[in-house]
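For reference, the chains in residue letters:
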Amino acid sequence: MSLSSATRIEVKSLTEHLWFNVPARRGFLNITSTVEDLVKKSGVQEGLCLVNAMHITASVYINDAEDGLLHDYEVWLEKLAPHEPVEQYHHNRTGEDNADAHLKRQIMGRQVVVAITRGKLDFGPWEQIFYGEFDGHRKKRALVKIIGE
Amino acid sequence: MSLSSATRIEVKSLTEHLWFNVPARRGFLNITSTVEDLVKKSGVQEGLCLVNAMHITASVYINDAEDGLLHDYEVWLEKLAPHEPVEQYHHNRTGEDNADAHLKRQIMGRQVVVAITRGKLDFGPWEQIFYGEFDGHRKKRALVKIIGE
Amino acid sequence: MSLSSATRIEVKSLTEHLWFNVPARRGFLNITSTVEDLVKKSGVQEGLCLVNAMHITASVYINDAEDGLLHDYEVWLEKLAPHEPVEQYHHNRTGEDNADAHLKRQIMGRQVVVAITRGKLDFGPWEQIFYGEFDGHRKKRALVKIIGE
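Protein chains in written order, with this note's numbering: chain Y, 43 to 191; chain R, 43 to 191; chain E, 43 to 191.
Among the clues, some could well be false.
Any copy will do: because identical chains look the same in the list, a pair fits if it lies in one copy or spans two.
Straight-line distance between alpha carbons at most 25 Å, and here's what the computed SDA-like set of lysine to any residue pairs gives [what the hints assert, rightly or not]:
1. Lys82 x Glu129
2. Lys83 x Ser55
3. Lys182 x Gly161
4. Lys162 x Gly178
5. Lys82 x Thr136
6. Lys121 x Arg160
7. Lys54 x His132
8. Lys54 x Gly178
9. Lys54 x Val128
10. Lys181 x Glu116
11. Lys82 x Glu126
12. Lys162 x Lys181
Please keep in mind that the hints were generated in silico from the structure rather than gathered at the bench.
All chains, full assembly: derive it from the sequences and hints.
Here you go:
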């Protein structure tokens, strides 16, 4: 009996937690190069890369690495889901003051899924992966999961 | 000829439809334990779990299982995409009254993708999967698709 | 030694770029049948299909193919993230006038992940895949990545 190379597939996976500590209530971190390094480390040539916030007051999203835009996101999210007055949110009756962060995170999203093609993130010209923090001042995590062959 | 165990990979998949009937126009259901049971049933150790609404007036999203927050989502979504007056939406000229539900669902999202690590949903401390209904009073479905090894 | 058919799994993948040139600033294109054809071409029976905008001022989302609703999305997104006045956005100080497009795209989302079951997109009754353009008048791409067995 002989096995063709096509059947000798090994499904590969990589799991890694990224830790952040944003020293303010809100902030945006470009994590693209960290994720790129993990794709390389995984050895996956064709597959999918999931990156998600592990906390429910933070986002992982893909958009432009341009400071003016990051400012615009901050202003816009505060308009759509204002932090103050904190009493307007029932969630804050639990002793929290972060209800707005749970709302902002829904606009920006929990996760991105990126194609891996020929061993690299298959990105358009301006796509960059960001961690968006809406309730910082403490250590929080994002997860990178890579699956493929 | 010998085959190492590493090449004896069997790609596993599981597909399951979850049915809901929310007895109101809007509501949120925590479906985390149901999805966890399906991950266990699938036998997948390393992989991805997709959960998506199969209807376009509902969402699947991940956030906090806290009643105050669910109230806040309800109020906030109604502010961003009000149900009334129904005449404000062209979609409702088709005889529907659910245009707002198609908008609300875009804010909250259609799907989540969750990593499976060592046979379990790889979750942060507060992540819970919710089905968000924005046009209820009838049977609707979500899909769980698990792929991995 | 004998190999059962279950171990002769070949992981399959397909990568394809779709090109669009929307002849207006904004517009919505139904790309469902194109994606369906690619699923068929891939030969994947059980797997996942990722479809994402490769540009950061466009979306791929799933909702209804109903002209009234597309009108409603246009009006609603313009209300939540207005194009004018362009000076209100710091991003536009770079010489761009598309900051609103970066915001609108976050509401509608970058990507969808769809289950493939028995060789087909596993869709509910009204699910259709759309490319949403928010800064058109030029050639732009979406990516289709299919992974499975």
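(request) Enumerate the violated hints, using their earlier numbering and listing them in ascending order. (result) Violated: hints 1, 4, 5, 6, 7, 8, 9 and 11.
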